[in-house]
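Fit chain B to the supplied structure of chain A, relying on the hints for placement.
Listed below, chain by chain, are the residues.
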Amino acid sequence: MALKLNQSEFIIERDENKCISCQVCVRQCSNDVHEYDSKGDMIYSDSLKCVGCHRCESLCPTGALKIKERKSQFRTNYNWNASHLRDIYRQADSGGVLLTGMGCDKPYTVYWDRILFNASQVTNPSIDPLREPMEIKTFIGRKPDRLEFKLSRSSKNTGVRLKTKMSPQLELSTPIMFSAMSYGSISLNACRSLAAAASKFGTYYNTGEGGMHKDLYKYAKNTIIQVASGRFGVDADYLNKGSAVEIKIGQGAKPGIGGHLPGEKVTKDISNTRMIPEGTDALSPAPHHDIYSIEDLAQLIYALKEATDWSKPVGVKVSAVHNIAPIASGIVRAGADFIAIDGLRGGTGAAPKIIRDNVGIPIELAVASVDERLREEGIRHKASIIAGGSIRSSSDAIKAIALGADAVYIATAALIAMGCHLCQKCYTGKCNWGIATQDPYLTKRLNPEIGTRRLLNLLRSWSLEIKEMLGGAGINAIESLKGNREHLRGIGLNDRELEVLGIKHAGEA
Amino acid sequence: MSKMDKLNIIKKYKNDRQEYFSRHKIPSGCAIFGVINEAGSRFSGRMVMDGISVMHERSNGLGGGFAAYGIYPQFSNNWAFHIFYDDSAAKKQTEEEIAGSFEILLGEEIPTRKASAISDPPIVYRYFLDIKDDFKKNRSKNNNSIDKESLKEAEKDYIVNLVMHINKDINGAYVISSGKNMGIFKGVGFPEDIGEFFRVDEYKGHIWTSHGRFPTNSVGWWGGAHPFGLLDWSVVHNGEISSYGTNKRFVSGFGYECTLSTDTEVIAYLFDLIARKQKIDIRMIHLILASPLWQEIERMPRDNKELVKALRILYGSALINGPFSIIVGNTGFMYALNDRIKLRPLVAARKNDYLFVSSEEAPIRKVCPSPDSLWHPDGGEPVIGIVNKKVAGKKGDGTRSVRLDDQPVKV
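Those sequence lines, one after another, are chains A and B.
One point on numbering: in numbering that gives the first Met the number 0, the residue at position 474 of the first sequence is 473, and numbering is uninterrupted.
One point on numbering: in numbering that gives the first Met the number 0, the residue at position 411 of the second sequence is 410, and numbering is uninterrupted.
Because the hints were derived from the structure by calculation, they are not lab data.
We put the CB at the ideal spot given by N, CA and C, even for glycine.
Careful: at least some of the hints might be erroneous.
The following label-pair restraints were derived from C-beta to C-beta distances [to be verified]: (1) Ser172(A) <-> Asn160(B): 35 to 43 Å; (2) Lys167(B) <-> Glu498(A): 15 to 23 Å; (3) His55(B) <-> Gly329(A): 56 to 64 Å; (4) Glu498(A) <-> Ser100(B): 50 to 58 Å; (5) Ser100(B) <-> Ser460(A): 55 to 63 Å; (6) Gly106(B) <-> Asp494(A): 37 to 45 Å; (7) Lys167(B) <-> Glu305(A): 41 to 49 Å.
Chain A is faced by these chain B residues, among others (derived, beta-carbon under 8 Å) [what the hints assert, rightly or not]: (8) Ile109; (9) Ile169; (10) Asn170; (11) Gln277; (12) Leu306; (13) Ala309; (14) Ser316; (15) Ile340.
Excised from the complex, chain B in its bound form:
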């Protein structure tokens, strides 16, 4: 067999895997762990690596990853893309695609270290990007009344479309994160090994989430590991949602195409749609994703009843049904939520400015032996950690689009 043939077979195998992922829904059990420093001070990824490693038994080595916020302060106002490539052809094609609408300020291979447990990694690149002036000019020209805020939103919509286009249409290229001052590191392996591989301990961030995966089939594809990212969102998730088909059809009506067929992907789209596009306050999202039961709604005071009923009527298809616990990251906050009848574990703890959320108590005790408080949130009761606004960013960088100064809406 010639070398060319061999390469072709490898390439075909890789494409098949991506294709496989796009066709099949893959149920998985998992470990999740997240830490936020609400004062906004940045801390090393070593802490989450240590934490998640305790839950080794909850994953099976077929996926692990980290999402980190505040790791690129020198590029805090530029888009940071992390991309997996199977080969240089995919890289070339993708870079051409990106260069069409972005100035590439820096494009480099993400530094890794050799880890014995990690095999067959793809080419891993990161880019720091600025949208070209043409984009803004064109938008302004087409619509004179367009204000700065709408322009920002248009830019984000454009990025959502671009990311979906690359992931769907370019063979062997996969954008794994596309936010600002944040990045996702993930791959096939146990999370602690993935952390070693990506030198996660060398980064400092103010929010970290992590994930160890237990997919119930054997396909290992780096792009299929978690966290899942889109814009500033990152999602780690434990569970298998039985409403997947409904949720998928719901977001598809708004132009989000689920290419990975994973629950995590559709949850990320739900957050982007509801919180960013439809501007539902993050403090109210649990009333949609893990809506109170009708019997609870009936007992609420009139105003609350009207509000929650309307949310449920309108967003019935966004209700996430079945067992899940999720940690969602964004520039300014970390958000954890359980399904409404608590079919998956979730533990939270506070110590000084730190807020921890985890599948189990052990990782919290590992990195913080004596927390000030530790609790098991009820089903449907969110845990929200919010970064000091001064640190979270300047006005207009997206962090203001949700109000971050209060507790979740209690009903």
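Bound-form chain A, shown alone:
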């Protein structure tokens, strides 16, 4: 056996008294951790291969398995921590850029956890969402500068009719949408679950940059079509198979770089959907090669509006980078109807670890500064803001809206609802939970009907929680929370952070 410098990250504890050698763990693990020895009727486990996805533990019928994190695999050192050592060993082995999946897991300040929400007492009654209407319907799209009316005798009641033609709007029953995840990065069953749940709940899912599988056409009304730098699967039909178009410039997990779906994953189905030959690498360039500046973006926005007959909002997704505020202002002025901002902790199917963990800024700060900037310039109404990049709970969502977002995008949370255990190995294509894989043996583990139900439950519970919090603050319409930073207070934040967030510290009236 060759010298292995790396040590396993997990300890696999098998209780031999409970193990019945049924081999469920052997069959479930796509990483070949468990091996059955028929001679001794024993199962051996190689912890070095374990990614900590807990699939075997969850499915072990006798509860014989326990996967534990191995804390002390290297000598404690606060400067050279285990992650550094492990990465260097891997790089010295391979000579390559280290890949990872999901969002940044470094202990940077999570501002959601440093912000507290308000409630009414005495001077202003709280509202009980179980007894009073509580409105969380949300619209995404460009709003006109003002409305014009005409008098009308035909209109029975009002005598007034709308003269202004409204630009197309997405109507959301809850301010939560499923963020872009392509068919390719996740399985078709996962896509089906997302699309069906969005459709049933009255919100939207996003195709991601991988085109659109024919099975999903029936969910067109609840689909946001993505156009990314690789232009995979993009043609006039595709553009009109959704209710909105999103130009993807960047992603929170990997700002400034493109994507790479290896040829072995480009199966027949994916080759059809992406409109590329089977078995070829699907490379998304870092920039769009027809967008080298803001005026080029404007051209693409208007080209897409023309292609969709001006019937759909066209938005732009960018990752939150240092000067996100002026960038957002430029995007609005270029004609975008919405901006999706993806924060530092946004997920990914595959990204260089060094980029994921070190590039970009947290979504909380980005939303605050973008909303502020657009208002200063008097163009906030021209585009909706969608915040994404690690919205972990309904309270994260409500705080994002109070900071100025119109709605939030969730993706990691949706995957977790479908079973994801955040092992961060999406890029290997070996997802034991049947989500981030194209292996038919694995993808059938995710039943789209169950996936749909679980996603619906997630949307429902978050929406109920949002209503509870709104009611507690004496608000009965989500519109009245948008940009309402009076209802937020920081805790344990310094002056500069409070200033950027535009909120007061807890205890300040």
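Then chain B, alone, in the frame of chain A:
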């Protein structure tokens, strides 16, 4: 301690109060009462004083005031400014600022009478102003196509900016009203005492609104009392709105800066923005400020649905959420509105040409024991009283910018 030191300490205290008001949102409960004579005949302020005094228990002596329309017929076409000064330095600076762009036709101290319950009043002045010809010439020169109506609007925008500038940048000066043929009288005290102090009973107007304040903190600052005024608008308000932050950010996008952090201020800006600047008919404003619920909108006939939906989509941030009842005055009309789920009281009554709106029924019965009709408006259902157009003013004085001859839009 020398006299100078003492003065400095007093001055600092006053500035601190103004600064305090600009930093902190002050929730308050209140009493509101308004009367309009729709025939346009003018009546004494005694009536509102009598009315509001009945609701003594709804205020706590930390603020009271009156807004009156039609009280300066001799200056009906000139801007009337009511200004509070803490000291003569602020007065001098403000007058210089005003004289830069206005002819001051008359500047005088507002007559007051001694009232035992009123202490520590600021210097209270009023000015009648005409915009200088230079202003019009400059505007016309820069833009040849500018018509009379736009010039009027430009003049109003200019006044909005000037008022905001004085209130924000000049220490110890506070413009409390800035309309035409109208004025606001307010201060720290119970409304009936403030009325005595300002000799409100000696004025005659065709619209009167009044306010008794119950702020939930103890800072008493005269400028912070209500009604709040800007141009011809005056707003009295009862409640605490939970959408304040959203409303504030919405109007800030259009250049209105909330310096007082009170709900009343932001409501006044919403009216100025929506009714004057964006020309939404006053009869439709309740569809924005107290928008129907989505479930109601869904049930509307197609045209109405389209209209109300568009209003709600565009003006979502102007929705006033949380409990409120307001009375808004303008030269030609009085407008009262409740929040959409009626979390604050509002009563209305009519008698001949008079329309009354009030927090409670008692003040109405006090000044008009047997009204022709008396009702409790639903949440989100406005009560609009409109002055006979002949009396309201001549063409082009601003009263025509909203149509005043009809009932609110019913949906």
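Now for the hints, and whether the structure bears them out:
| no. | hint | result |
| --- | --- | --- |
| 1 | Ser172(A) <-> Asn160(B): 35 to 43 Å | 42 Å, holds |
| 2 | Lys167(B) <-> Glu498(A): 15 to 23 Å | 20 Å, holds |
| 3 | His55(B) <-> Gly329(A): 56 to 64 Å | 58 Å, holds |
| 4 | Glu498(A) <-> Ser100(B): 50 to 58 Å | 35 Å, violated |
| 5 | Ser100(B) <-> Ser460(A): 55 to 63 Å | 59 Å, holds |
| 6 | Gly106(B) <-> Asp494(A): 37 to 45 Å | 44 Å, holds |
| 7 | Lys167(B) <-> Glu305(A): 41 to 49 Å | 46 Å, holds |
| 8 | Ile109 | 32 Å, violated |
| 9 | Ile169 | 24 Å, violated |
| 10 | Asn170 | 23 Å, violated |
| 11 | Gln277 | 5 Å, holds |
| 12 | Leu306 | 5 Å, holds |
| 13 | Ala309 | 5 Å, holds |
| 14 | Ser316 | 6 Å, holds |
| 15 | Ile340 | 6 Å, holds |
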